[in-house]
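Chains as they are written, first to last, in full-length UniProt numbering: chain A, 1 to 396; chain B, 1 to 396; chain C, 1 to 371; chain D, 1 to 371.
Fair warning: there could be bad hints in the mix.
[Said to hold, decoys possible] Cross-link-like lysine-lysine pairs, in silico, DSS-like; alpha carbons within 25 angstroms at most:
1) B:K387 <-> D:K254
2) B:K251 <-> B:K305
3) C:K254 <-> A:K387
4) A:K305 <-> A:K251
5) A:K99 <-> A:K154
6) A:K392 <-> C:K254
7) D:K254 <-> A:K387
8) C:K254 <-> B:K387
9) D:K254 <-> B:K392
10) B:K154 <-> B:K99
11) B:K305 <-> A:K387
[What the hints assert, rightly or not] Ranges between beta-carbon positions, derived for each pair:
12) D:S15 <-> A:A294: 17 to 25 angstroms
13) A:A228 <-> C:D38: 50 to 58 angstroms
14) A:P46 <-> D:S15: 43 to 51 angstroms
15) D:E7 <-> A:S2: 19 to 27 angstroms
It should be emphasised that the hints constitute simulated quantities derived from the structure, not laboratory data.
Every residue gets a Cβ at the ideal spot worked out from N, C-alpha and C, and that includes glycine.
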Amino acid sequence: MSSDEQDIAAGLSARVRALLAEHDVADERAFLGARFDAGLAWVHFPEGHGGLGLPQVWQRQVEAELAEAGAPYPDPGRNPIGLGMAAPTIAAFGTEEQKRRFLRPLWTGEELWCQLFSEPGAGSDLAAVATRAVRDGDSWIVNGQKVWTSGAEKARLAILVARTDPDVPKHAGLTYFVCDMTAPGVEVRPLRQITGEAEFNEVFLTDVRLPDFYRLGEEGQGWRVATATLNNERVAIGGAPSARETGMIAKVARAWRDHPELREPAMHDELMRLWVEVEANRLTRVRLRQQLAAGQPGPEGSAMKLAFARLAQRISGFEIELRGEDGLRYDDWTMRQPDYVDMTGRGPGYRYLRAKGNSIEGGTSEILRNVIAERVLGLPPEHRVDKSIPWKDLPR
Amino acid sequence: MSSDEQDIAAGLSARVRALLAEHDVADERAFLGARFDAGLAWVHFPEGHGGLGLPQVWQRQVEAELAEAGAPYPDPGRNPIGLGMAAPTIAAFGTEEQKRRFLRPLWTGEELWCQLFSEPGAGSDLAAVATRAVRDGDSWIVNGQKVWTSGAEKARLAILVARTDPDVPKHAGLTYFVCDMTAPGVEVRPLRQITGEAEFNEVFLTDVRLPDFYRLGEEGQGWRVATATLNNERVAIGGAPSARETGMIAKVARAWRDHPELREPAMHDELMRLWVEVEANRLTRVRLRQQLAAGQPGPEGSAMKLAFARLAQRISGFEIELRGEDGLRYDDWTMRQPDYVDMTGRGPGYRYLRAKGNSIEGGTSEILRNVIAERVLGLPPEHRVDKSIPWKDLPR
Amino acid sequence: MTLLYSETEEFLRDSVRRLFADRCPPGAVAAAYDGAADFSGLWKSLAGDLGVAGLIVPESLGGAGASAREAAVVLEEIGRAVAPVPFLSSAVLATTALLEAGDTALLPALASGERTAALAVPLTSGPPTSGPPTSGPARHAAAVRHGDGGLTGRVTSVAGAAEADVLVVPVAGDDGLELRTVARDAPGLTVTPVLALDMTRPLADVEFAGTPSARVGPGEDAVARALLAGAALLASEQVGLARWCLETTLAYVKERRQFGRQIGSYQAIKHRLADLWLEVGQATAAARYAADTIARGDEDAEIAAAVAQAYCSDVAVHAAEECVQLHGGIGMTWEHPAHLYLKRAKADQLALGTPYHHRARLGDLVDLPAS
Amino acid sequence: MTLLYSETEEFLRDSVRRLFADRCPPGAVAAAYDGAADFSGLWKSLAGDLGVAGLIVPESLGGAGASAREAAVVLEEIGRAVAPVPFLSSAVLATTALLEAGDTALLPALASGERTAALAVPLTSGPPTSGPPTSGPARHAAAVRHGDGGLTGRVTSVAGAAEADVLVVPVAGDDGLELRTVARDAPGLTVTPVLALDMTRPLADVEFAGTPSARVGPGEDAVARALLAGAALLASEQVGLARWCLETTLAYVKERRQFGRQIGSYQAIKHRLADLWLEVGQATAAARYAADTIARGDEDAEIAAAVAQAYCSDVAVHAAEECVQLHGGIGMTWEHPAHLYLKRAKADQLALGTPYHHRARLGDLVDLPAS
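Go ahead and model the full structure; you've got the sequences and the hints to work with.
See below:
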């Protein structure tokens, strides 16, 4: 560590000590607010907005010291869109006033966020969104239908991509907004999934009026802003390495160990194939983490979600076959909105069905293979007919 | 059978009896010539050219009656290109004089044929052939390089596709020829394969002069003629159903039965997976044959080569793993031109290597999947950039 | 031996398909998962009006005197509609067992569709292996005993038990397995419906506690034949299911556009669908052969059934999984019928023996033992 | 524990790669199949000039005192060049066995590259399972016996035997397995080269008939350690081979045009190569971990080696098969080097235990027994 770095480390420690000395860790919301005000929420954010303008690597030290003191931290499962996607986007593209308005309550969890990107006609092809936003004086009037919105029923705010100019090619006519989920004309309907649950919602926007203050980035710049948001999502999905034999494979291994009567000898080789692939994947994550730490980020990160989806689906399918009669049962078909999604929780049937979404949500496996082929391997791009003609003239 | 059909059947039987009465079945070539002259070579060909202008289904009766009498028949393995591809093409596109010149010696086996279609730069994309034929008075001067020509070293004649007009789009500038393999400027070089053998040849054509009489079809019509030829090839490759557990799977099953010491229990499930797939494929061929007999040809025919290649490769790869030390050995690396190719003959190493060609020769598996997707399933065609611009302007 | 469909078979198919189109569209089927559905009327129409319940019952017993081939065609349509009807459980499994055991009392009522039966075995039971086996049981292990006080024992995951009027029960007797019938409303019988991955083939746990029963005949061969016929014919349900998935997916990818192109124009999608189409075609041949060997009493029936189950089970799951994936987000919704097919395909994979089980069994049948 | 490459390792890689680029281009390697090649000079340069023969030998015995990690890097380059050098057989297998058995006599000459050895076991031998096994042998079964008249017995398919100056032979003695050495020119020793699927790792059958030998030490652990290290490090050869195939294929599909487009622009090809790239990346991590656990003497080494072999063997074969297929006709020719990689990959899959063997063994190691 250089002497500059030693100074930074010491300074951060002093800040943490001061925070802990002045604020009660038992009062979660107040403590988180104070932590934000102390610039310790995300040290790489600008000063005055929860940060200190430091490189992001310093965050780890802050987290470690606060965790040791038993300080509260914002549960990433409670406001994932806010913390993972909205916050970095606002930090990068928001005005001073927007940062001031949105970041602090986002951080403390007072305001939860959701995402209004996908539409029935715009899934993989996000730039095809048809939701229209039309300027009306100092406001925008928004009309359209969004889908796959998790947490919409609890969210106060949303990040929204809408079409503001249909006369230009589709990537050029989009604008990025913050949407007030309590505004008149916002209707949230739970969307039931094949598991029986409704993890997601459809959101119908009918003449929703948003002040121009809620526009993030310039008019027509929506694609650029959304791309930045999605890159943050992809990093989050890449995921950290875990211990050996965790997650889906642990469930199957346990069933094999606990139920000798289920062991069909013919299934053993496939069980071990899956175990081996999971372990090879785990080692790849370990290696990626080491590359990142060494300042050589490997492109394999973009492939981890692809591998995860494939393995989760194969393992959960295998588990049903292995479990026999238990594989034929299901625990609960009741339609409800789950507080928390544990893809390896519940029974084998749930795991099997939920895993089917892994290769669709957050970028389909087909799109990820395109991305790897084109951006990592340098193969020629797909033929595109939709990039140069006005959006309104595209066949739909 | 209608009374017309009874008449035809009786007439054919009478012809066969007359042929057998007048000619000695022991003199193969003479007998085949007489059979040709009697119109019994291929009954669906025109009269005077080995046929009687009857529907092709009648051929089966002729074959059955001649086989019963122990008459010789042309070994399809000896002149496969001639009998399978050149003959129907000449019958369909040749002039009276061409049919008279070429069909009889082709039938009797006096003249063997080979195929000069593929080129180093034109494999799957046959219409991209670069071999040039330039008219010179009443002749054509041919220059170029062909590849994957089996039997070129023994062939007297060849079917040839060459470019006669580079200024039009590539499919429009081709012409179909018969090539005299003994003409000056034809050079045949054996092409060694990964098995060590040279089943095929490269053929170099340098200022080869062909009389215009050797042109089959109109100038510029070569693509249409070649497509007809290749359709004949595809029907041939579709193949007849065989008995249960024959071919590649029989080799593996036998190794499993004869060598209990090789049986790794973990391999059993894969062995049975392969056995099951082969049997399902065999039943599909049986069903196709029944559909054909019922006058309802099924489109699955085009998929049989695809399935065959995949199975041959998986089974032969599995066999090597099963055989252990024997799988590590090879029988002969000597470069030679085999008289006869038995893809399930020789040792496991040969089978493994030779099977790799199954998904390439006669249409790659990738092309076959395109064909199924587009022609059978009606999915939209690939984007093509090469159909509308002059051949000479295409990037290469 | 023909693997094609006869005109009679096609005619039968048309009637069944029309009935399902009218009476059990996907939205109605999905109600089965919320416990809100009663499909007994549909079954009455199918069994009685169309007369399919008695397809494999001889005319002398009031049946149609047709064969497993026709029953297979009905199952193709059931798979195509994921129809929640107890055809496999009553008209194939229970009926075959009763026929084999020499029943004449119950079969006329089953054939006419007046009554419905279920064979009291777990749905996961695979056909036992004939001859000296090295894998899998040679006999069906009965979980129910017969004593002075009636039947006692418990059988779990019985398909169609809740909808049945009569249970056909393999019972361990002194002279081996025997087949007995129990009325659904008999004392000491408890039938508890199970929450299942696939609610379109309802399962129930069955408990006997001093339950009166009537003897039909010897049970060993009856159960073996029933499970064999069931396995052979389930393959046709899987084919029908897979074909619906393929056709529905094809229609969708031709229509759905992303990036300005139909997604069916992307080559990776095209190749996957070409492979799937090939699989469905091969599954059809395998399933037809299995049905045909049962119909003809061919000695190849055991091999044919093992091949068909080993092959078609995985093809149906593959087709249903591709259907969900290639529909993208919409395929993950409750509203789209794809999930009904996925659940049925996955449950069918376990029904009457997993593909692993059938491959192991096939090894014995074709002299390729595991070790 | 790091799965990255150190600077020293990258430096070593560069020298080895340069040597192979100079001295064994694909055309020269192919000559091995026609029996016309002598690669002893290449091996002398690699073993002696670059000093890689003694990588894992301690400095006290004249070696480099490096570790299995560096040896793995050399093997990556060997795989990349399908180099016909006896590094695995002499510098890994024989050397590890001698080290474990306490040899001090022969190792200095091996380390310096003056002499070359081979471990007299069939190349297909997988590492024995430690602890109570349910699958696979717990001990190496020796095929050679030691008696008053010398060694007798026969060992087939020994890698590197024909190029070796010394054979290191596991011999069944009265107190269990012992390790003995035999000079290549000893009386009663017959070494018969084998025509092999992969001629770039020459095999020979070895026969002992009253052959004099010298005892090194106990053999049980020595053979087990050697086979374990061999299996762990072979994974790196497989990774190097697979990476060459991937890179060569990528370059080809970017250049080759059919139907007016680069074939690498077709989505089905793109998706296959994306999957293959993912596999090669995962294989790299698995192979690095296996080498690292051997280097550190980590107790996880057995699991790591089984995982690496089970995974990397199939990845290498997959990569070589895709390389041939995506090159189309040219990939089927003798002239293109793809076939050299296909043959090596397929032979490597069997070397030191098939993936089936390693998966079965892994089941014991991680408490997931087959039955």
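Item to complete: Tell me, in ascending order, the numbers of any earlier hints that this structure violates.
Response: 11
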